[in-house]
Amino acid sequence: MAFAKDLNLDATELRLGLPGTSDESAKNQTPATLRSNNKRALPEESMSSNATASKNCNQETAPLPKAQVIGWPPIRSYRKNNLQPKKSEGEISGIYVKVSMDGAPYLRKIDLKVFKGYPELLKALEDMFKFKAGEYSEREGYNGSEFVPTYEDKDGDWMLVGDVPWEMFTNSCKKLRIMKGSEARGLGCVV
Amino acid sequence: MQKEMAYSFPDEVLKHVFSFIQSDKDRNAVSLVCKSWYEIERWCRRKVFIGNCYAVSPRMVIRRFPEVRSIELKGKPHFADFNLVPDGWGGYVLQWIAEMAGAYPWLGEIRLKRMVVTDESLELIAKSFKNFKVLVLFSCEGFSTDGLAAIAASCKNLRELDLRESEVDDLSGHWLAQFPETCTSLVSLNISCLGSDEVSFSALERLVDRCPNLRSLQLNRAVTLDKIANILRRAPQLVDFGTGNYAAELQPDVFSNLAGAFSSCKELKSLSGFWDVVPAYLPALYSICPRLTSLNLSYATIQSPDLIKLVSHCPRLQRLLFLIQVLDYVEDSGLEELASSCKDLQELRVFPSDPFGVEPNVSLTEQGLVAVSLGCPKLQSVLYFCRRMSNAALVTIAQNCPNLTRFRLCIIEPKTPDYLTLEPLDAGFGAIVEHCKDLRRLSLSGLLTDHVFEYIGTYGKKLEMLSVAFAGDSDLGLHHVLSGCESLRKLEIRDCPFGDKALLANAAKLETMRSLWMSSCAVSFGACKLLGQKMPKLNVEVIDETEPPDSRPESYPVDKLYIYRSVAGPRFDMPPFVWSMDEAVKILH
Numbered sequence: 001m002a003f004a005k006d007l008n009l010d011a012t013e014l015r016l017g018l019p020g021t022s023d024e025s026a027k028n029q030t031p032a033t034l035r036s037n038n039k040r041a042l043p044e045e046s047m048s049s050n051a052t053a054s055k056n057c058n059q060e061t062a063p064l065p066k067a068q069v070i071g072w073p074p075i076r077s078y079r080k081n082n083l084q085p086k087k088s089e090g091e092i093s094g095i096y097v098k099v100s101m102d103g104a105p106y107l108r109k110i111d112l113k114v115f116k117g118y119p120e121l122l123k124a125l126e127d128m129f130k131f132k133a134g135e136y137s138e139r140e141g142y143n144g145s146e147f148v149p150t151y152e153d154k155d156g157d158w159m160l161v162g163d164v165p166w167e168m169f170t171n172s173c174k175k176l177r178i179m180k181g182s183e184a185r186g187l188g189c190v191v
Numbered sequence: 001m002q003k004e005m006a007y008s009f010p011d012e013v014l015k016h017v018f019s020f021i022q023s024d025k026d027r028n029a030v031s032l033v034c035k036s037w038y039e040i041e042r043w044c045r046r047k048v049f050i051g052n053c054y055a056v057s058p059r060m061v062i063r064r065f066p067e068v069r070s071i072e073l074k075g076k077p078h079f080a081d082f083n084l085v086p087d088g089w090g091g092y093v094l095q096w097i098a099e100m101a102g103a104y105p106w107l108g109e110i111r112l113k114r115m116v117v118t119d120e121s122l123e124l125i126a127k128s129f130k131n132f133k134v135l136v137l138f139s140c141e142g143f144s145t146d147g148l149a150a151i152a153a154s155c156k157n158l159r160e161l162d163l164r165e166s167e168v169d170d171l172s173g174h175w176l177a178q179f180p181e182t183c184t185s186l187v188s189l190n191i192s193c194l195g196s197d198e199v200s201f202s203a204l205e206r207l208v209d210r211c212p213n214l215r216s217l218q219l220n221r222a223v224t225l226d227k228i229a230n231i232l233r234r235a236p237q238l239v240d241f242g243t244g245n246y247a248a249e250l251q252p253d254v255f256s257n258l259a260g261a262f263s264s265c266k267e268l269k270s271l272s273g274f275w276d277v278v279p280a281y282l283p284a285l286y287s288i289c290p291r292l293t294s295l296n297l298s299y300a301t302i303q304s305p306d307l308i309k310l311v312s313h314c315p316r317l318q319r320l321l322f323l324i325q326v327l328d329y330v331e332d333s334g335l336e337e338l339a340s341s342c343k344d345l346q347e348l349r350v351f352p353s354d355p356f357g358v359e360p361n362v363s364l365t366e367q368g369l370v371a372v373s374l375g376c377p378k379l380q381s382v383l384y385f386c387r388r389m390s391n392a393a394l395v396t397i398a399q400n401c402p403n404l405t406r407f408r409l410c411i412i413e414p415k416t417p418d419y420l421t422l423e424p425l426d427a428g429f430g431a432i433v434e435h436c437k438d439l440r441r442l443s444l445s446g447l448l449t450d451h452v453f454e455y456i457g458t459y460g461k462k463l464e465m466l467s468v469a470f471a472g473d474s475d476l477g478l479h480h481v482l483s484g485c486e487s488l489r490k491l492e493i494r495d496c497p498f499g500d501k502a503l504l505a506n507a508a509k510l511e512t513m514r515s516l517w518m519s520s521c522a523v524s525f526g527a528c529k530l531l532g533q534k535m536p537k538l539n540v541e542v543i544d545e546t547e548p549p550d551s552r553p554e555s556y557p558v559d560k561l562y563i564y565r566s567v568a569g570p571r572f573d574m575p576p577f578v579w580s581m582d583e584a585v586k587i588l589h
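Chain order of the listed sequences is G and F.
Here the numbering used here is used: position 146 in the first sequence is 146, and no number is missing along the way.
Here the numbering used here is used: position 482 in the second sequence is 482, and no number is missing along the way.
Chain F on its own, in the form it takes in the complex (with noise of 0.2 angstroms):
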């Protein structure tokens, strides 16, 4: 009887109804249901994400979705943002596109993260793909603005290309020209990242004068703050703004022009840029700010005062990431000055200015973020850097937060106590992860024991992403959370007494999970090796720069180790530093 039903529906209908299915996870369940229907869907199949570019081989997913035209690609490990991957490592995306050109002739869409990407690589995608729309390099590596000259001059209905924090060799700005003068597709171009002193400028204003479409656009430092305006008048329809360099001598004509530039542009919701701010130019912006919803200072150094004066004209703002000067001025005041103006605010982000500086000129503690949390009720992602915290604070937060999802706190010193009562802050984690039911993201830091691990492991059902640096004093840690943690995909974990026991006794978690990190702490080579053997679905490698991790013994510990499921097997792009403890790949002197 169910049978019948399941089949009573024409391919084409189901096709149909396929198509309202957007989210992987939907499409994913869709495809398990019955045969017929994992055809179907995986014939109409438009965009996959692919979160570790080595779980999966392009030859499997093109033979499974042969009709993609969007994909999005991550390749080096988190920590890579931090140097904790040496160069070399891998993430190369050519063998991707060089498959994809066969087989995709209409994709359209290429979204990377983490991955090396090369002139080559461009080309080729310029070449290969006449539909081709969006390019996405979002901390990539490898190619030069010769590439995306190539992208530039090829791609004739371009609408993204948005390369932030990626690292681009500038040969010259002339990159910009290659755009040909029909194209006028362009909706969002980043280009924040490039260094050049000679972007082109002539370049981008013709192609923002000929892009009516264009809603998102950051420039890079090199552009300066006088020719803000000009860009502005050229595209009043923007939504998202990135400012070059916004340092110039205060002159009041180029202050009202630049005022009226801002003030011309209706729609804009959302600013960045700021390198080297001269204050005496922020108020330029004071006629936008009460529609901004998001606001981006983190590179702005500018002192408290002048960042609280321009924030408290922003009561619109759902999302603030700035960066906090280690001044004379209590910035705790200005966040609260913050909380009590921004109801909205969603999101928060404090970076440190001086993060190796030795002696703390305490200008910013937790009292600020506890101020914010009290009074922006909608808060849901944080990310704060400071010196001092407390199990009392911490836990103030978690109760008046319940609906944060993304919690990262970076104590500048490892291994800090709680500063009031010497204590670890196990309780005021504890805390965060049992009111907090909705936590997908934890970043710890301060001095932490076990403990710890046993409250995440308890309550951290929702958690899919932990990262640990410095915490815990054995096995126990580890296994509390591989064992108790059921959401868990990620952990990346660096400088902890965390060995063998753990890993092994919860092998089979770590083919639920995407991936996980382990450097300086104390997994034994020989388990290493005992892991590769027995678990055929899992990658596991070591790093090692100095030496082979054989010419050791093998209860030594291993420098690094990067374990991630895959259904490719071992990958052949391994520098000599990087050994697969895959039975079946010789391991290399």
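Extracted from the complex, chain G is given alone in its bound form (with noise of 0.2 angstroms):
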């Protein structure tokens, strides 16, 4: 290709930008919350240098205590999954449920061990799929919000997420759905 021409690399010497372009001295980049994404960067624009960055990517490199590296060593979850004794659902650490969404076209998983109760769950699914569930009642379930949030329990029986105690909740959730209002119906919400 073209490129290998142009390039004018001798054993330590890199140009920044593509072949072709310009290398000009680096500049700072100011933060651009609102910038548009679709705003073409300009041809001769180079990169600034990546003082910044690798100054991150050194902290990130940095001695990690065991056990806190992501992915490390680089052993299958299958695998490590495996070398358990056959333990009964919840001893291991986590319990991974799968959240879908109505009209969202991926699955999400979530560990309900992490969460204390359903404030904390409810917030952190409001975040991930970017909705709201407004309040729930014993009475009115979450009457009223476009999304309700809800789970299968161990029966096959799909359930209004908040009616039972919390750690009765963590051991018969198999799955969660976020449910259009207007489908929660029936989910024993109504007066």
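By construction, these hints were calculated from the structure, which means they are not laboratory data.
As the structure is a prediction and not an experimental result, all values here were calculated from the model.
Treat the hints with caution; some may be incorrect.
[What the hints assert, rightly or not] Just a few of them, taken from the derived set where beta-carbon distance is under 7 angstroms, the chain G residues facing chain F:
no., residue
1, G71
2, P73
3, P74
4, I75
5, R76
6, Y78
7, N82
8, Y106
9, R108
10, K109
Glycine is no exception: its CB is placed at the ideal position from the N, C-alpha and C atoms.
Dock chain to chain to rebuild the complex, using the hints, since each chain is given by itself in its own frame.
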């Protein structure tokens, strides 16, 4: 390709930007909080020096306390899980359940064990899927909300999140589904 | 003159000739000879392998190859195996199945790796392909036993069902009973990943009974030891067998029954499974050990002496996978035993039982691997976890095993230097790439500077896949690899100080590779955008679960970056935490 010919590299010198672009001195980038993502970057715009970037990277690669580096050592979760002697669900760290939301094309997974109660769980779900569940009340459930968090329990029944005590919930919840409010009627939240 | 020769064969003859050409590479070459060969070839291509499901669209494949009978697809990047790719990233197979359902009514084989497969997809397979024979779901997820029930019930001529290492929602063990009584065609069944306590064992027994061609069977952990004999007596023709649980209280009648059942399997060459091993039952295998060529004990929590006793009965072993226990015993001597008895060994994998242990009760070191390299001249493939290494050892291994094609070394603590000299391990890995001229796959670990990459770039001419973690000093390292490794297809990097320069200077190289993964490195968002704009044949995807990359300065490094070549353009199934750098794609907040 033409790139190879344009490269002016010796053993130690590399050029910023794609071959053919000029190598301007580093510019400081202002925070681009309101910057539109569609804005085309100028061809001559050079990358600012990697000082910030490498500093961050160095922080990341500083020695971490053991067992805190995600994905290291590189052992498949399948293998890690299978090394444990057979235990009942929930004993091994984490109660992972899948979460789906009506209208979203993908599922997420969350660990119920990291939450202390319903408020935390609901906040996490709201953040994850960008919706508002509204106020829960025993009598009316999430009446009036556009989206309603529900879950499937061990018996295969779909229940409203919040109806049973938290401990009972974490022990019986198999998966979560954030339903459209209109479909959630009949889950026992109507007076 | 030459033109005449090319056209002098009628199409039928050429078609017949091409039918002998099976390898994708050769078929691709054939299709480039001339237009008519391209046409003839594309109509008679029966097998398609797609290493990245996003590199091409189903429609494009169907348009070019209208008569495909067998398809293999791979989805998520390799680092997904280590939880570096968030859930919901992608790799959905449904759209492929839906389009193929219409276009390939005779599709008989589907092999998937690291893809999300739903029950809906499985049901669609079950009802769309009348001649369906082979389903392999390797490290897949997203489906339940309901989907399997659909496959079992509808696929009258199913030959192979292999679910290895997949994550299956175990709703009920009764899916096995869905195989109709008329199904007698099974050749291979791998259900080792299923967790269900209620795999319907009676259904399994009946299935095994009526499938006389069953050659390969891998049971799941729920199947207890006392049941193995029943299964084996029903299938003495097995070549490849995976036990379930291998633990029980030692009872003489159970033992002799088991030993007898094993010895009646005259074709048995490969064993796996062995969860929760009770060593007293291992001698039940002794009668078949002399025939074994492959032994996977990587889940068997047995101690070294029992392991060695077993292995010493297996002189024809070519492939050995096992788990090293951190114990008081010196495991290296065990490997020395292995090296002296298994001269045909080609592949060795050693896994750590206690990867997060803080105090290494050092029982396995580099010496074990050196011993094996000395004693097993046919060694080609190594995966080795250990806690210390030296340049001297690596040089010795390199010199002893010039035929290595795959070498993956994981020194458990990142950035561990040579334990003798405290130097980086550059020279050791350098020796590996220099001496092993056919090396195709390499994984690095330990303390490494840019120098190791210089060696790799200089000598690693056949290297196709390279995995790098916590290594290098500067962009020069990455530049050496991208500019030197001519055969590089897959490069995956984590936690290295590689930034924009090398990536942008070698942008063209990325179009010659399948994919590049970089996480926790120093590539800026601005560079990603530039790459995305300038290289339309690359999909440049930034992954960030915390906040949109454009909410920070352009110079800020991205969390994770996945770049792959594609003729299909940017994909449309990206979750909110994946941003495409393609100009034409509106990046969602």
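Hint check:
1. Against a cut-off of 7 angstroms between C-beta atoms, the interface hint on G71 (chain G) holds, since the closest Cβ of chain F lies about 3 angstroms away.
2. Interface restraint check: P73 (chain G) against chain F, minimum CB-CB distance 5 angstroms, threshold 7 angstroms, status holds.
3. For P74 (chain G), the interface hint holds, since its Cβ comes within 7 angstroms of a Cβ in chain F; the closest pair sits about 5 angstroms apart.
4. Given the 7 angstroms rule on beta carbons, the hint for I75 (chain G) holds: about 6 angstroms separates it from the nearest Cβ of chain F.
5. Hint status for R76 (chain G) relative to chain F: holds, with the closest Cβ pair at about 5 angstroms, below 7 angstroms.
6. For Y78 (chain G), the interface hint holds, the least distance from its beta-carbon to any beta-carbon of chain F being 5 angstroms, beneath 7 angstroms.
7. Because the closest C-beta pair between N82 (chain G) and chain F is about 6 angstroms apart, less than 7 angstroms, the hint holds.
8. A least Cβ separation of about 4 angstroms between Y106 (chain G) and chain F falls short of the 7 angstroms threshold, and the interface hint therefore holds.
9. The closest approach between the C-beta of R108 (chain G) and any C-beta of chain F is roughly 6 angstroms, which is under the 7 angstroms cut-off, so the hint is satisfied.
10. With a cut of 7 angstroms, the hint placing K109 (chain G) at the interface with chain F holds, because the nearest CB-to-CB distance is about 5 angstroms.
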